[in-house]
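Between the sequences and the hints, there should be enough to build the whole structure, so can you do that?
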Amino acid sequence: MAEQFGTQDIIICKDVNKWYGEFHALRDVSLSVKPQEVVVVIGPSGSGKSTFIRCINRLEEHQSGDIIVDGVPLTHDVRNIEQIRSETGMVFQQFNLFPHLTVIENITLAPIQVRKVKKAEAEAAAMELLERVGIPEQADKYPGQLSGGQQQRVAIARSLAMKPKIMLFDEPTSALDPEMIKEVLDVMKELAESGMTMIVVTHEMGFAKEVADRVVFMEAGSIVEVGTPQHFFENAQHERTKLFLSQIL
Amino acid sequence: MTSAVSVTHKEALPPPTERYTVLGWLYHNLFKGWFNTLLTLLSLGLIVVVLRPLTHWVLNTARWGVIPANFNLIMRGQYPADQAWRLWLVLFLLAVVVGFVWGVWSKQVQIALVAIAAVPLLLMLVPFFDGGIRINLLLMDVLGAGGYLIGRRVPPRHSRVGIFALLAYAFVMLIILRGFTGEGGAWPSVPTTLWGGLLLSLLLAVFGIVFSFPLGVLLALGRQSKLPGIRILSVLYIEFIRGVPLISLLFMAQVMLQLFLPAGAPTIDRVLRALAAITLFSAAYTAENVRGGLQSIPNGQYEAANALGLNAFQTMTYIVLPQALRAVIPVLVGQFIGLFKDTSLVALVGLFDLLGIARVVTANPNWLGTQQEVYVFIAIIYWVFSYMMSYASRRVEAQLGVGLQ
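Chain order of the listed sequences is V and H.
The numbering of the first sequence is our numbering, which starts it at 1 and goes up by one.
The numbering of the second sequence is our numbering, which starts it at 1 and goes up by one.
Nothing false has been slipped in among the hints.
As a list, the in silico EDC-like pairs of lysine to aspartate or glutamate whose alpha-carbon atoms are at most 20 Å apart: (1) K226/H - E60/V; (2) K226/H - E61/V; (3) K226/H - E239/H; (4) K226/H - E303/H; (5) K163/V - E303/H; (6) K165/V - E303/H; (7) K34/V - E87/V; (8) K189/V - D177/V; (9) K34/V - D70/V; (10) K226/H - D77/V; (11) K34/V - E225/V; (12) K189/V - E37/V; (13) K226/H - E82/V; (14) K165/V - E37/V; (15) K182/V - E210/V; (16) K182/V - E131/V; (17) K14/V - D77/V; (18) K209/V - E193/V.
No lab work stands behind these hints, which were simulated from the structure alone.
Below, the structure written as structure tokens:
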């Protein structure tokens with residue numbers, strides 16, 4: 001299906017292709033995301049969904065096609081990459097917190113070093129973020145002392161500290177024990193309701209149904225179907241989509 | 001048919017402890033079963049067989065007089081006796097600076113205060129020291145305590161002053177030792193060829209370690225660089241240095257270093273040449289150790305740093321290196337301990353470090369045949385310093401939580 005690219009779209013991906021050596025990981029992927037939209041990407045493993053969102057902030061490099069984030073084209077130009085990275089935040093499946101720094105140091109490191117914010121100001125902002133994600137009392141602990149759900153919430157706060165316009169989530173709850181998934185999803189839901197543009201790769205269908213504005217199904221490197229959650233879960237068109245959904249739900 | 005399920009909560013109890021009396025401990029650990037008893041008896045027999053002649057030698061036959069008679073030589077080489085007060089000055093300043101730096105950093109790193117303060121006190125027990133030396137040792141502890149109290153008053157945000165204090169001390173120490181006025185002045189120059197004994201060994205080891213560490217870190221980073229020129233140069237350097245023994249580097253430095261300078265440049269000090277060889281040698285090994293640490297950092301750390309917008313330098317400085325270095329502390333300290341003992345090789349290139357002085361002492365006709373006593377004493381000195389470094393390393397590791405998550 002053809003993507004309509006409006007000039008107000010905050011992310012525009014057009015015919016993006018990526019190869020890992022001989023393996024064609026992303027095949028002519030096209031997607032546009034409007035500001036404040038929540039897009040959930042689902043699909044079987046190996047479908048390229050993580051690769052796709054990692055291309056958006058240049059953690060992976062795409063070989064052909066265009067990616068334009070907030071008007072800035074993603075090219076080899078380092079300045080463009082840095083600009084895009086300053087506007088996108090990423091939350092990883094493995095949290096990737098810095099184990100040798102306390103929670104508050106994890107959150108304030110980037111604002112202090114990159115944005116040159118003063119330490120007191122950065123810490124005040126960090127405490128606000130910790131309140132927002134629900135764990136202000138953990139500020140002086142080390143990541144190793146927190147549970148998985150708490151660590152992921154710290155990771156979300158850490159990304160939010162850089163005031164990004166877009167948040168990318170790469171299977172944020174896949175490494176969590178079931179009883180901790182809800183606390184993280186609640187934070188993400190609050191974030192969506194506050195108007196953040198989000199692209200979430202996940203297997204949590206409940207989240208997709210409740211929070212997503214659009215759901216994207218990817219398989220074998222291409223986008224198979226895109227639609228509203230309602231369309232998706234009640235009225236999927238493609239055979240492969242229906243097959244996948246029948247395996248998950 | 002329903003069965004009742006107990007819902008009473010079982011209280012947590014402490015684990016059962018086994019307590020032995022002394023005899024009980026001896027029995028359980030040494031004499032339980034005939035095999036263990038046999039091993040115990042054999043070991044005891046072995047210990048007696050080895051210790052008896054050793055103790056006899058130590059207490060009766062050995063001529064320990066050689067040590068007090070040559071003590072000054074062993075400690076400072078041929079540093080002129082009338083300038084020895086400068087060595088004490090250097091030690092006093094060291095005590096103040098160490099105390100100060102401790103006071104400043106005592107929240108970050110807590111190497112046992114007691115252990116280091118105990119060293120001068122323990123040294124006061126050495127039998128052949130005269131009263132003057134003992135007073136000086138006591139003074140060192142007093143000055144150290146004073147430095148500590150001053151250091152405590154420095155607020156944590158100024159804790160960088162600790163590094164400046166150490167750098168300033170190093171500089172001042174070298175000036176004091178070297179001297180700068182003429183013959184009749186207050187600080188006559190003492191050429192480095194006269195520096196010897198433990199003084200020289202410690203200087204070579206400390207400066208060798210301090211200079212080779214940053215160089216090694218840079219090499220390790222260079223080896224991982226994406227720029228092929230830097231990477232190739234780093235690899236060549238590391239592999240060349242690691243392929244030759246330190247003694248050959250020392251010989252090369254003594255002979256060849258001067259050739260690298262333009263003609264007419266002043267002759268490089270022989271101690272400096274040896275120090276250059278030691279530094280370059282240690283840097284290559286440090287580089288490989290640090291590289292091991294760098295490889296242990298998961299990719300996710302780099303990705304998270306990139307996603308947050310940190311550049312390469314910031315990522316290295318704040319995220320990767322702190323973790324990598326923490327992981328390789330045991331290996332690095334082991335290497336530094338080895339380096340300290342390797343400085344004894346300079347005896348073979350004409351410098352009179354601790355080992356070189358030992359050979360001079362045993363060559364003295366008054367003290368012929370005292371090699372064993374002298375070398376045992378030298379060995380004890382090496383052992384004491386090595387153990388102190390090892391102990392400090394364990395404390396730093398415990399403080400930084402190395403090995404835990």
